[in-house]
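Protein chains: 2
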Amino acid sequence: MQLIPIAYARNGFSDKFGIPRQRVDGSHIETRIVFCEAYRMPEALRGIEGYSHLWLLWGFSANRRKEWSPTVRPPRLGGNRRVGVFATRSPIRPNPIGLTAVPLLRIEHTHDGDVLVVGGADLLDGTPVYDIKPYIAYTDAIADTKNGFVDEVDFPTLTVEGLKQHLLPPTTHHNPAKYEEWEELLRQDPRPQYQHNPDRKYHIVYNGEELTFHVEHNRLIVEKITLQELCFSSCKKN
Amino acid sequence: MQLIPIAYARNGFSDKFGIPRQRVDGSHIETRIVFCEAYRMPEALRGIEGYSHLWLLWGFSANRRKEWSPTVRPPRLGGNRRVGVFATRSPIRPNPIGLTAVPLLRIEHTHDGDVLVVGGADLLDGTPVYDIKPYIAYTDAIADTKNGFVDEVDFPTLTVEGLKQHLLPPTTHHNPAKYEEWEELLRQDPRPQYQHNPDRKYHIVYNGEELTFHVEHNRLIVEKITLQELCFSSCKKN
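Just so you know, the sequences run in chain order A and B. Residue numbers are given in my numbering: position 25 of the first sequence equals residue 25, and the series is strictly consecutive. To convert, take the position in the second sequence, counting from 1, and add 1000; that gives my numbering.
No wet-lab data here; the hints were simulated from the structure. Treat the hints with caution; some may be incorrect.
Pair by pair, the computed Cβ-Cβ distance ranges are [to be verified]:
#1 Cys1036/B with Arg82/A: 16 to 24 Å
#2 Asp112/A with Arg1187/B: 54 to 62 Å
#3 Asp1112/B with Ile92/A: 23 to 31 Å
#4 Thr1172/B with Ser69/A: 38 to 46 Å
#5 Pro1156/B with Val153/A: 20 to 28 Å
#6 His1111/B with His196/A: 44 to 52 Å
Covered stretches of chain A (in silico footprint by chain B; criterion: 3 or more residues with CB under 8 Å from a CB of chain B, positions within the stretch not fixed) [to be verified]:
#7 2 to 16
#8 83 to 93
#9 98 to 104
#10 133 to 141
Coverage of chain B stretches by chain A, computed from C-beta distances (three or more under 8 Å per stretch; other residues unrestricted) [stated by the list, open to error]:
#11 1087 to 1100
#12 1148 to 1162
Idealized CB from N, CA, C, for every residue including glycine.
Please build the complete structure, drawing on both the sequences and the hints.
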């Protein structure tokens, strides 16, 4: 079957590093789903405002170059235990389709047609979207599940320090990320799971801004935020 | 993106009519996911037994001939109200991918490799499967959702009468459907939503058997069960 993108995701994630790993209810991170022209008719969305959540089916385009392998090493398991690819949500799989449930925050009427604004998505900016389906509790929400290795792993969060004083001021060219957006991204501990070096400085890019931090125990300390100098990054927020 | 089937679904549904419309917990309907040879290595499933539920991403192959339209008329709404295609789970959509959460009942080691046996799936026999992902509660199970027009519609069930005395006896050629399977399929009211004619006889095919029934108010009365005579149907159960 040949899939054709019906829409593209637009958000502040130009880089995989830092992308949310799990849905945060009431997330401050927004992604805009902009339809391709052939699918931009308002009637195709008729009734969608009646749903609180949607499924996005999308392409792991950033990983397209990689060959799939029967086993993968999930970062959550420290990157050193092999698990079957179908027992993971790894992007490197035979048909690299991603599946994400997101809250539908609002619909904006724009020059690019009706845009779905969704919360807390784990998609890179520019990701092709192949399908949008309503989330329907009676088929999709299962109360008691056994969650494989995910049940074994803890997701500790970090306290974020020094963020407020480093936030960038708005300019005519750049609308800076809000405190709540950065805080949400940092709190989840964006470090690779197998790199816990206390002396290391980490860089995370969001919304055309580069934030530098280090981690002491469970405290994430922000060192600075700078505007990315590369044009293709700072031009991305539309 | 080009999708390649990784597996095919095998079950008793040779016909769309009667296919379950919603997941039944503890379903007696089983579907076997048989992997294509290129994906038949046991290590690709390593750890999958730790999950109670899986996502199947599959192709609406029986509808491939139809062109998508921006609006559809869901059977649930009586077939006379138009809703945007992205506000429905209609099979006739730009990229006809189906999404179903199913319980993983067991893994069978067979001559066709390791087969995943799942419960209560809404897939036709022979449906191509493009991806299998673990169901992970923290990203997939959302407690409080608004479910669009689905919230407006009642799903009344029927009481099933006269089933037991019509069940077929086993033969060397045919392993008949069990009482629990038929009961589950009939109880959900398999009639098209916009056909509620009390004089009408309905036929439902499952497991190479054809069951005839009519409905009086909320009672579904079984008239007979016969073995389908067409070879391609009775040969399907493998």
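Original post:
Which of the numbered hints are not met once you compare them with the structure shown?
Top reply: Of the numbered hints given earlier, those the structure breaks are 2, 5, listed in rising order.
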